[in-house]
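Going down the list, the protein sequences come from chains A and B. Each residue of the first sequence is one higher than the one before, counting from 1 in our numbering. Each residue of the second sequence is one higher than the one before, counting from 1 in our numbering.
These are calculated hints, taken from the structure and not from any lab test. Treat the hints with care, since some could be wrong.
Said to hold, decoys possible - Derived DSSO-like pairs (lysine-lysine); straight-line CA-CA distance at most 30 Å:
id : chain 1 : residue 1 : chain 2 : residue 2
1  : A       : K343      : A       : K179
2  : B       : K330      : B       : K266
3  : B       : K179      : B       : K330
4  : A       : K178      : B       : K266
5  : B       : K343      : A       : K179
6  : A       : K178      : B       : K105
7  : A       : K289      : A       : K266
8  : A       : K289      : A       : K330
9  : A       : K343      : A       : K330
10 : B       : K343      : B       : K330
11 : B       : K266      : A       : K179
12 : B       : K343      : B       : K105
As the list claims (entries may be wrong) - Output of the computed footprint for chain B on chain A, the stretches with three or more beta carbons under 8 Å from beta carbons of chain B:
id : region
13 : 57-67
14 : 174-181
15 : 262-270
Claimed, not checked - Computed far set for chain B versus chain A, every beta-carbon distance over 10 Å:
id : residue
16 : R27
17 : K31
18 : D50
19 : N52
20 : D97
21 : D113
22 : V121
23 : R133
24 : G150
25 : E153
26 : Q155
27 : N219
28 : R246
29 : A270
30 : T355
31 : F424
From the three backbone atoms N, C-alpha and C, an ideal C-beta is built for every residue, glycine too.
2 protein chains.
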Amino acid sequence: MERIRTTQLREHIGQRVILRGWMHNLRALGKISFILVRDGYGIAQAVTQDENVLAALHGAHDESVIELEGAVVAEAQAPGGVELRDIAVRVIAPVTDTPPFPLNKPTVNATLDVFLDHSTVALRHPRKRALLRLSAGIMSAFREFLNGDGFTEIQSPKLVASATESGANVFAVDYFGKKAFLAQSPQFYKQIMVGVFERVYEVGPVFRAEPHDTTRHVNEYVSLDVEFGFIENHFTVMALLTRLIRHILARLAEQNAAALQLLDVKMPNAPETFPHIHFRDAQQLIFEKFGEDCRGEPDLAPQHERWLGQWARETHNSDFLFVPGYPMSKRPFYTHPDPADPKYSYSFDLLFRGTELVTGGQRLHRYEDYLAALARAKYPVEPFAYYLDAMKYGMPPHGGFAVGLERFVMQLCGLSNLREATLFPRDTHRLTP
Amino acid sequence: MERIRTTQLREHIGQRVILRGWMHNLRALGKISFILVRDGYGIAQAVTQDENVLAALHGAHDESVIELEGAVVAEAQAPGGVELRDIAVRVIAPVTDTPPFPLNKPTVNATLDVFLDHSTVALRHPRKRALLRLSAGIMSAFREFLNGDGFTEIQSPKLVASATESGANVFAVDYFGKKAFLAQSPQFYKQIMVGVFERVYEVGPVFRAEPHDTTRHVNEYVSLDVEFGFIENHFTVMALLTRLIRHILARLAEQNAAALQLLDVKMPNAPETFPHIHFRDAQQLIFEKFGEDCRGEPDLAPQHERWLGQWARETHNSDFLFVPGYPMSKRPFYTHPDPADPKYSYSFDLLFRGTELVTGGQRLHRYEDYLAALARAKYPVEPFAYYLDAMKYGMPPHGGFAVGLERFVMQLCGLSNLREATLFPRDTHRLTP
């Protein structure tokens with residue numbers, strides 16, 4: 001007899017099958033005992049009144065790994081409308097201790113810190129693992145869209161000789177007695193690879209040594225990076241990003257319906273064209289709304305981003321809002337300026353429900369422009385020599401963006417802390433598990 | 001007029017089209033000039049006798065980014081059997097210098113070191129980028145197979161508090177004044193996640209601070225990691241790995257035919273069942289063949305692995321050979337011993353054309369076994385506490401493996417140095433580009 005998955009039970013009504021998984025719950029109602037078994041895919045119920053069956057489970061705590069053999073019977077009351085009866089049980093790996101907290105309650109009843117301390121077990125909770133399943137779904141849909149659009153995947157090195165963005169907030173590594181750094185982003189490499197493949201993407205870890213703990217930041221996260229050539233300007237990039245986001249959401253709805261339902265996710269409104277408001281106009285709107293004059297500030301405050309998100313929902317029926325035109329002063333040196341007003345840039349943020357999800361834009365592509373930009377920023381040229389070579393030997397107008405994977409899950413599921421969407425988060429206080 | 005790809009030209013015979021890309025070559029035969037344009041996908045030829053057209057290219061060196069508009073004409077002599085005539089040219093980004101070495105010769109005429117120094121440009125060479133396209137193809141087929149087999153993708157942290165395998169050869173990171181390390185593998189995390197999803201995989205960087213420079217090692221590489229539960233023993237793992245390798249090879253043949261052809265790749269023989277020879281028997285064979293008595297040694301020498309590869313090809317018509325049963329003394333503490341002879345393990349190497357491509361096996365899954373194994377290895381328990389928790393609270397018999405991405409490309413393409421298959425390799429001497 002082949003073992004089947006709990007999610008396949010319905011296809012086997014009237015047959016005897018084998019299930020294997022973790023004992024999610026065991027409870028008695030009078031003489032009837034209900035065993036819930038959780039495998040990698042779902043949860044199934046088995047029912048018995050047989051003392052011998054229960055004797056096999058004697059001393060086995062929740063989370064014991066078990067095998068159930070039984071007859072599949074339709075039963076409206078059971079989860080999934082089907083249950084196992086006339087069962088035999090075998091314990092594959094007994095658990096002799098009570099788990100740190102119950103995994104079979106509807107929600108995890110623990111503070112975030114306690115949850116994270118025990119996450120190597122606690123992530124088995126159906127709601128918690130559903131979040132990670134959505135992460136996997138986002139990565140898969142991201143790659144699917146880009147593969148279909150002529151992009152090539154790259155995996156660039158994470159050990160680098162110099163900082164990517166500004167030299168601040170990088171982790172230093174002892175590299176055979178020399179100093180190396182952990183890449184803050186694959187930015188330079190993905191641009192270089194536009195010279196090779198024209199259209200590239202990367203899914204991988206990035207490292208930010210930011211010393212502040214906030215609910216929206218961790219020090220290592222997964223970045224979904226895209227870069228492509230032969231663009232008109234940053235609006236070409238925004239158009240591709242829009243199609244990508246819509247593809248990801250459509251795929252999640254199709255392929256991760258169970259996880260979305262378990263987490264009560266309200267799918268976002270993602271219109272065919274996302275609304276956009278220039279940074280300058282966003283500041284003007286905020287001024288008119290709040291009377292706070294942030295015009296001239298180089299960035300938007302989180303509470304103003306949240307309000308802009310609300311504004312986009314109310315006036316454009318969209319959970320996504322592009323804010324193009326960030327001031328050059330706050331953008332990295334490779335950012336393309338707005339030729340009509342070089343104080344502003346051809347870069348953008350994409351807000352998802354009022355929180356920054358994506359940063360992107362058009363980059364410089366002319367060698368001379370890079371030399372000028374580095375001089376303006378008072379950076380030395382030498383550490384960037386290999387990167388500048390790619391620009392010197394022919395680079396088309398190009399741009400791209402980076403999506404924070406955990407941010408996406410956080411905003412999609414309405415989580416209050418990015419750590420809930422992060423597999424084993426790293427912050428200033430936490431390096432394990 | 002929409003821009004099309006060079007690889008789409010044949011579908012547009014008789015029409016006028018736009019191509020954009022890099023000027024791969026410009027040469028004159030008498031009055032006729034041939035322009036080769038390379039985009040992210042292929043190379044196309046344009047022909048002109050018009051002095052005004054050529055004037056537009058005056059001073060533009062190879063690798064200049066150009067746009068060509070012209071009429072698509074079938075021409076048996078042209079690459080791909082089609083060329084552009086009656087053309088107009090526009091230079092999008094001129095190159096004013098000669099590239100470090102020519103990218104339009106059949107092979108790159110430079111030593112590996114010179115090539116790597118200039119790789120941010122030199123990777124544009126069609127043969128070089130074909131290698132990276134194969135890497136992308138392998139990753140894509142790897143995920144496709146596993147997604148179809150009920151696996152969930154994870155992305156585990158690369159910053160860790162303690163070494164994964166043995167404490168040797170790890171890179172140390174300054175983590176907010178504390179010491180952290182770069183993960184040598186996602187081993188512990190993928191095992192932990194078997195408790196959550198049953199079947200998991202990860203594609204990501206791993207870091208090995210090995211101080212030796214060999215042609216088969218670099219210090220950062222891409223590891224394709226798999227781990228899954230409810231196995232019988234390491235043969236269950238080997239069977240899944242066999243199906244996976246065969247799937248990857250079949251997909252490459254289908255989807256990367258152009259790259260394989262360009263690189264003159266002889267596709268390997270990968271029979272439905274790969275032959276296997278127990279480590280002990282392999283040593284016996286080597287003894288009989290060479291008279292060198294390596295019996296009792298805990299590992300195979302590279303030249304002996306190469307010979308075993310040859311033996312598998314000759315006697316089993318297979319480019320792949322499993323060597324299960326490595327001695328426990330050389331395997332990490334979590335390795336499952338052979339119950340019948342606990343000096344040997346339930347772990348294996350997979351040789352591809354005589355070089356180790358994959359290491360894998362069954363792991364311990366009982367908490368008590370872990371405590372005993374750590375005690376035997378004289379490791380403290382505390383740094384592993386989070387990992388042991390996953391074992392304590394119910395873990396099925398499980399196992400997995402790790403495939404080296406660059407190794408796969410190296411052996412597939414018959415490269416003599418792993419660096420040729422690595423995007424911006426890191427070794428003791430090299431940290432840029």
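Verification of the hints:
Straight-line distance between C-alpha atoms of K343 (chain A) and K179 (chain A) comes to about 36 Å, which puts the hinted pair past the 30 Å bound. With a CA separation close to 34 Å, the supplied pair K330 (chain B) and K266 (chain B) exceeds the 30 Å bound. At most 30 Å may separate the alpha-carbon atoms for a hinted pair to count; K179 (chain B) and K330 (chain B) meet this at roughly 28 Å. For the given pair, K178 (chain A) sits about 41 Å from K266 (chain B) by alpha-carbon distance, which is inconsistent with the 30 Å threshold.
A C-alpha spacing of about 42 Å is found between K343 (chain B) and K179 (chain A), which places the hinted pair above 30 Å, so the restraint is violated. The suggested pairing of K178 (chain A) with K105 (chain B) is violated, with an alpha-carbon distance near 37 Å, which exceeds 30 Å. For the suggested pair K289 (chain A) and K266 (chain A), the alpha carbons sit about 28 Å apart, so the restraint of at most 30 Å is met. At most 30 Å may separate the alpha-carbon atoms for a hinted pair to count; K289 (chain A) and K330 (chain A) meet this at roughly 24 Å.
Our distance criterion of 30 Å between C-alpha atoms is met by K343 (chain A) and K330 (chain A), whose separation comes to about 10 Å. For the given pair, K343 (chain B) sits about 10 Å from K330 (chain B) by alpha-carbon distance, which is consistent with the 30 Å threshold. Distance restraint check for K266 (chain B) and K179 (chain A): the Cα-Cα separation of roughly 42 Å exceeds the 30 Å cut-off, and the hinted pair is therefore not satisfied. Using a Cα cut-off of 30 Å, the hinted pair K343 (chain B) and K105 (chain B) is violated, with the two alpha carbons roughly 54 Å apart.
Three residues within the 8 Å Cβ limit are the bar, and the region 57-67 of chain A against chain B gives 3, so the coverage statement holds. Chain B is given as covering the region 174-181 of chain A, and this holds because 5 residues of the stretch bring a CB closer than 8 Å to a CB of that chain, at least three being needed. With 0 residues having a beta carbon nearer than 8 Å to a beta carbon of chain B, the region 262-270 of chain A misses the requirement of three or more and the stated coverage is violated. With 10 Å as the threshold on Cβ separation, the claim that R27 (chain B) sits away from chain A holds: the shortest Cβ distance comes to roughly 18 Å.
For K31 (chain B), the requirement that its beta carbon stay farther than 10 Å from each beta carbon of chain A is met, with the minimum near 27 Å. The claim that D50 (chain B) lies off the interface holds: its Cβ sits roughly 23 Å from the closest Cβ of chain A, which is beyond the 10 Å cut-off. The beta carbon of N52 (chain B) sits about 23 Å from the closest Cβ of chain A, which is more than 10 Å, so the claim that it is off the interface holds. Taking the minimum C-beta to C-beta distance to chain A, about 6 Å, the non-interface status of D97 (chain B) is violated against the 10 Å cut.
No beta-carbon of chain A is positioned within 10 Å of the beta-carbon of D113 (chain B); the least distance is around 14 Å. The non-interface label for V121 (chain B) is inconsistent with chain A: the shortest C-beta to C-beta separation is roughly 5 Å, within 10 Å. Not every C-beta of chain A lies more than 10 Å from that of R133 (chain B), the closest at about 6 Å, which undercuts listing it as non-interface. At the 10 Å boundary, the C-beta of G150 (chain B) falls inside the reach of chain A, the nearest C-beta of that chain being 7 Å off.
Residue-level check failed: E153 (chain B) sits 4 Å from the nearest beta carbon of chain A, not beyond 10 Å. For Q155 (chain B), the shortest C-beta to C-beta distance to chain A comes to about 5 Å, within the 10 Å cut-off, and the non-interface label is violated. Its beta-carbon lying about 7 Å from the closest one in chain A, N219 (chain B) breaks the requirement of being farther than 10 Å from that chain. The claim that R246 (chain B) is not at the interface with chain A holds, since no C-beta of that chain comes within 10 Å of its own (minimum 21 Å).
For A270 (chain B), the condition that its CB be more than 10 Å from all CB atoms of chain A holds, with the nearest at approximately 23 Å. Interface exclusion of T355 (chain B) from chain A stands, the closest Cβ pair being 21 Å apart, more than 10 Å. Not every CB of chain A is more than 10 Å from the CB of F424 (chain B) (nearest about 5 Å), against its label as outside the interface.
Taken one by one, the earlier hints fail for this structure at numbers 1, 2, 4, 5, 6, 11, 12, 15, 20, 22, 23, 24, 25, 26, 27, 31, listed in ascending order.
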